[in-house]
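Protein chains in written order, with the working numbering: chain A, -6 to 217; chain B, -6 to 217.
Since the hints were derived computationally from the structure, they do not count as laboratory data. Since the model is a prediction, treat every value here as computed from it, not as a measurement. From the three backbone atoms N, C-alpha and C, an ideal C-beta is built for every residue, glycine too. Take these hints with a grain of salt, some might be off.
What the hints assert, rightly or not - Not everything, but these chain A residues come out facing chain B in the computed CB check (under 8 Å): (1) D57; (2) L102; (3) G151; (4) R153; (5) G176; (6) P178.
Here is what each chain is made of, one letter per residue.
2 protein chains.
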Amino acid sequence: MKNAVVLLSGGLDSATVLAWMRREGYACHALSFHYGQRHSIELARAAELAQALGALEHKVTEIDLRVFGGSALTADIDVPKDRADRDIAHGVPITYVPARNTIFLAFALAYAETLGASDIAIGVNAIDYSGYPDCRPEFISAFERLANLATKAGAQDGARFRVHTPLQELSKAGIVRLAVELGVPVGRTLSCYDPSSEGVPCGHCDSCILRRRGFAEAGIRDGA
Amino acid sequence: MKNAVVLLSGGLDSATVLAWMRREGYACHALSFHYGQRHSIELARAAELAQALGALEHKVTEIDLRVFGGSALTADIDVPKDRADRDIAHGVPITYVPARNTIFLAFALAYAETLGASDIAIGVNAIDYSGYPDCRPEFISAFERLANLATKAGAQDGARFRVHTPLQELSKAGIVRLAVELGVPVGRTLSCYDPSSEGVPCGHCDSCILRRRGFAEAGIRDGA
């Protein structure tokens, strides 16, 4: 079995990516970050999901994005609630963390190189394109190119890094359907930007709104 | 004055880069990492150099590369001493940290975006090309391309990130001459991979050997 590094947040999307990579036959090494996010309950969920979905191991690495501020997810800024559709759909949201996926993928690359792996998976998807520049396919391609130049494996040993993005073309309803098909325990995933310390979602942030709509469109009950 | 982020380790090379960026007229924001390196004395030197060379601020961010192991600088592996020239010149050394410059530049990018800056500087140079893949010019170009795609500034606001590498074509002797010309207090820089806790260099690691030769070739006394 080929090793792969899977970025796992504890949310629905990354859990679905882990289940997808397992079905593809990869031995999965899950990687989560503790980055001063206010909702560290998501790390407990990530650990639970890694085990439930058969990851070989789960590493959590601490990084400090708070020194840079600049996001509602890391700084002392309120997460926006009950926003209108046009506001959710357009522009870079205040929950954008500067260069976050670049940092996450850089760590995944370090981990992959240590394992001798050349496969990395991340749950970026079309819903996020408009708002988060580092979720677009051209960003992912640019990172693959960088990875081949950045590493001993790529530069000397001819490895060709691949960043798997199985959710890239899916709507939230499509992700919900795929998650259920792959046996993801969706009720244990946590998408909310502002959950209680016990993991109860707020129900009003952009992520809760998109999740609720996705389950409704898929005709599937959340939490089942 | 334009803001720039300068990666600063406390070594001769990055201190020279900071002095060069100051002379170019940038308001410099120095960034160092505490990454489980065994020689954290270098961070004290970085702070001292940031102040001496007129950086506007100096941030230190903690990252944990030890979870990935794989390098003599982060894991429990001995730093090689008194190696022959042919061994120093060829192959990826055991002091290579997987994807390190990718991670460092990703954090610099986050910091730059927070500042509204599009200039980043790093002390990579020709001496390292053969051994460290993430010091090559093609890696730096690939990172610039990634940065423009990865960020709100690049994707929406038309910023064009530039990674300055003023040492790229210089030999160690050339770096020593430039450092002295720019007024870097070279005696306070620390290049050693394995210094004492008070910052006394070992004199026998690759970095000490290259430094000693560089000063000799430049006809300059180290520590002055």
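Cross-check of the supplied hints:
The interface hint given for A:D57 holds, since its Cβ lies 5 Å from the closest Cβ of chain B, which is under the 8 Å cut-off. Interface restraint check for A:L102: the shortest CB-CB distance to chain B comes to about 4 Å, inside 8 Å, so the restraint holds. Taken as an interface hint, A:G151 does not check out: its beta carbon lies about 12 Å from the nearest beta carbon of chain B, beyond 8 Å. About 14 Å separates the beta-carbon of A:R153 from the nearest beta-carbon of chain B, more than 8 Å, and the hint is not met.
A hinted interface residue such as A:G176 counts as satisfied when its beta carbon comes closer than 8 Å to some beta carbon of chain B; here the least separation is about 29 Å, so the hint is violated. Because the smallest distance between the Cβ of A:P178 and any Cβ of chain B comes to about 26 Å, over 8 Å, the interface hint for this residue is violated.
Checked against the numbered hints above, the structure violates hints 3, 4, 5, 6; every other hint is satisfied.
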